Amino acid sequence: MSDIQTDPEQLQQTCLYQAHLDLQAKMSPFAGFMMPIQYNSITVEHLAVRQHVGMFDVSHMGEVFVKGPEAEAFINHIFTNEIRGYEPGKVLYGMMCYPDGGTVDDLLVYREYLANHFLLVVNAANIDKDFAWIQEQAKGFDCKLDNASPRIGQIAVQGPEAEKTIIEVLGYKEAADLGFYTFCDVEYNGERLILSRTGYTGEDGFELYTTPENIVEIWGRLLKAGVQPCGLGCRDTLRFEAGLPLYGDELSPEISPVMAGLGMFCKFDKDFIGKDALLAQKGGELARKLVGIEIEDKAIPRAGYPVETAEGQEVGVVTTGYHSISLDKSICFALVDKAYAALDTPLSIRIRKKTFPGKVVKKRFYQTNYKK
Amino acid sequence: MSKILEGLKYSESHEWVKVEGNVAYIGVSDFAQKEMGDITYVDMPEEGDDVLAGEEFGALESVKASSELICPVSGVVVAVNSALEDAPEKVNEDAYAAWIIKVEMSDASQLDALMDAAAYKDMIGE
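Line order of the protein sequences matches chains A and B. Numbered as in this note's numbering, the first sequence ends at 372 without a single skipped number. Numbered as in this note's numbering, the second sequence ends at 1126 without a single skipped number.
Just chain A, with the same shape it has in the complex (with noise of 0.2 angstroms):
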């Protein structure tokens, strides 16, 4: 059913991309697309979302829609969370593991308004990988598997004014009602819109779903009213310090989602692929776990620099580092040894030919500002 083939020698373009072209974007290859990295500053880019609002080209992502009598019971089976009991409407964050714990992916499970159908939203990288998975999984499950990604484009609306503007210049006064993590369905052009509060930046924001047609226009009339385009950099930096995860980063098959610390979205009192490896490190055999540093000093720790004791033995790898634009501080993921997991242990990093001293801290580097 996938008609999605991804050509190592051609990459794919999102309905965007000449819009990106147009507004002379610096592109480079992404999840084998080519998206844009940034428009005119990262800084920038990343401060109009922390302050007032900024928009995301994010139709590279992949949207699987699942229905069927059990869809709701295959689903609970692929995914770390609960679905049960979640009413309609209603977003959920959570992980496809393999038996090992191991990660397939993160993503978003949509419970849509009509009976016993789904959508689930998986990264752009993974996309032929995790159709696959679903569908081997699916043997046995009453339900229908529709890989929609390339029918569907999408724009992340983010900040504090995004509310404001998806209901001033869009006219969705519903936008309004809408809490963190829900949706409703509205129509642009005649076309199904999927109108989603959700976000990857720590700050509020909306994602819209649509036909690559509708995303287009949707864009331009943003650009118009002074909506700030936002590439990938900043999308990066901010979800870095709002403490979330990138697939490939902070989760992979070789990182489950208890080693990244993402236990809370793994619900134990009932059955999914990969539980029992996810319990049993749960209870201890864990090797390494996913931490925050920070270290004293404006050197960046970048992915793959080691971490190291005060006595100079290595114990981990940063997954993820930078200056932090919002918090001016110099801040990492990494993974360390368990013993070495604890908030305050002091560590350091190995940045090219010095050591810079610091200290385990807290992953959410930043205080989101979600709506309630």
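Here are the simulated DSS-like cross-link-like pairs (lysine-lysine), alpha carbons at most 30 angstroms apart as the crow flies:
id, chain 1, residue 1, chain 2, residue 2
1, A, Lys26, B, Lys1034
2, B, Lys1102, A, Lys354
3, B, Lys1034, A, Lys329
Just so you know, these hints were derived from the structure itself, not from any lab. Only a predicted model underlies this, so the values are computations on that prediction, with no experimental measurement involved.
Keeping the supplied structure of chain A fixed, place chain B upon it in accordance with the hints.
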């Protein structure tokens, strides 16, 4: 279009060299600072450190990436531009005013291997 100053020497890795007697001021070109974007940190050696032509002597960090600084000449670091510690954005503002290190050269003939402004202009192809 990036600014290229006449009278300076340029390396393939986008460092510039300004020679005064036996001392070389070393920085990065306007083209390099534009490619990097907002520079947030300059990692510099210390006064008295030995540097070797073709080897790393520090790095520039932008929000997204870090880029090694490669020394165009060998010698001893006689000064570092400490103003860049607190104001790395000076490299973005004027890449040719923001020298990074001053090197007492041990072999001035190494300058012959570098490009002049015209050759550097050809190389970046703008």
